[in-house]
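Numbers 128 to 294, taken from my numbering, label the letters of the sequence shown in order.
Hints may be right or wrong, so weigh each one.
In silico DSBU-like cross-links for lysine-lysine, where the CA-CA straight-line distance does not exceed 30 Å [as the list claims (entries may be wrong)]:
(1) 275 x 240
(2) 233 x 207
(3) 207 x 268
(4) 250 x 207
(5) 275 x 207
(6) 204 x 240
(7) 207 x 240
(8) 250 x 240
(9) 250 x 268
(10) 233 x 268
(11) 268 x 240
(12) 275 x 250
(13) 149 x 204
(14) 250 x 140
(15) 275 x 204
(16) 140 x 204
Derived by calculation from the structure, the hints in this document are not laboratory data.
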Amino acid sequence: MKFLREPRFFLLKMLVIYLVGKVCILYFNDSEFSLVAELWATLGIAIFFILMLAIACAIPAESYDSSPLPVQDSVLKRIKQSMYYNIVDGHRGLFNEPDIRFEENKVRLTYTKIESPEEAIIKIDAYILVLEEVNTSVGDKYIEELQKMRAEAQYMMLNPVEHTVHL
Numbered sequence: 128m129k130f131l132r133e134p135r136f137f138l139l140k141m142l143v144i145y146l147v148g149k150v151c152i153l154y155f156n157d158s159e160f161s162l163v164a165e166l167w168a169t170l171g172i173a174i175f176f177i178l179m180l181a182i183a184c185a186i187p188a189e190s191y192d193s194s195p196l197p198v199q200d201s202v203l204k205r206i207k208q209s210m211y212y213n214i215v216d217g218h219r220g221l222f223n224e225p226d227i228r229f230e231e232n233k234v235r236l237t238y239t240k241i242e243s244p245e246e247a248i249i250k251i252d253a254y255i256l257v258l259e260e261v262n263t264s265v266g267d268k269y270i271e272e273l274q275k276m277r278a279e280a281q282y283m284m285l286n287p288v289e290h291t292v293h294l
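Could you put together the complete structure from these sequences and hints?
Shown next, in the form of structure tokens:
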């Protein structure tokens, strides 16, 4: 049921609350009502709100990033852009972005270990706190990746790690 926390289901949840509330009010006031008519009215309201949402998305307040609607995607995108750490399969530790070289018609990647695992842990913990506040399923998946990176950084603090890895 984590998908219900996504922002795109906000309108659906509000419409269900509206429909249940309206039916309860009409029922307890002994008013005549038709469930089909109420569903059509709710559908009309939904179409109106979807149009208003589309207009709100199309008109940014100051800049594109200032719109309140894509905040979760914007936060996740910025965090992913600022993370320069990699986990290399088959090797323990965290590594910087690879140096790419072409040797003998082959692509050669050279990873170097990060200089400060303590700094990486602090940065990763801060990103995890931000993503927990965003509270989306996409953010939860990225939190799992960040926790793996944190575990590798902790491993680096306690154990020696290869300085460079050539792939």
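Consistency of the hints with the structure:
Only pairs whose Cα atoms come within 30 Å are accepted, and residue 275 paired with residue 240 is accepted, the gap being roughly 16 Å. For the hint pairing residue 233 with residue 207, the CA-to-CA distance comes to about 28 Å; that is within 30 Å, so the pair holds. Only pairs whose Cα atoms come within 30 Å are accepted, and residue 207 paired with residue 268 is accepted, the gap being roughly 12 Å. For the hint pairing residue 250 with residue 207, the CA-to-CA distance comes to about 12 Å; that is within 30 Å, so the pair holds.
Taken as a hint, the residue 275 and residue 207 pair is honoured in the structure, with Cα atoms around 15 Å apart against an allowance of 30 Å. With a C-alpha separation of about 24 Å, the suggested pairing of residue 204 with residue 240 holds against the 30 Å cut-off. At roughly 19 Å between alpha-carbon atoms, residue 207 and residue 240 fall within 30 Å of each other, so this suggested pair holds. Proposed proximity of residue 250 and residue 240 is supported: the alpha carbons are some 16 Å apart, at most 30 Å.
This hinted pair checks out: residue 250 and residue 268 have alpha carbons roughly 18 Å apart, not beyond 30 Å. In summary, the hint linking residue 233 to residue 268 is not supported, as the alpha carbons are separated by about 33 Å, beyond the 30 Å threshold. Between residue 268 and residue 240 the alpha-carbon distance is near 25 Å, which keeps this suggested pair within the 30 Å criterion. Distance hint between residue 275 and residue 250 is fulfilled; the C-alpha atoms sit about 14 Å from each other, no more than 30 Å.
The suggested pairing of residue 149 with residue 204 is violated, with an alpha-carbon distance near 40 Å, which exceeds 30 Å. Between residue 250 and residue 140 the CA atoms are separated by roughly 35 Å; this puts the pair beyond 30 Å, and the hint is violated. Distance hint between residue 275 and residue 204 is fulfilled; the C-alpha atoms sit about 19 Å from each other, no more than 30 Å. Between residue 140 and residue 204 the alpha-carbon distance is near 26 Å, which keeps this suggested pair within the 30 Å criterion.
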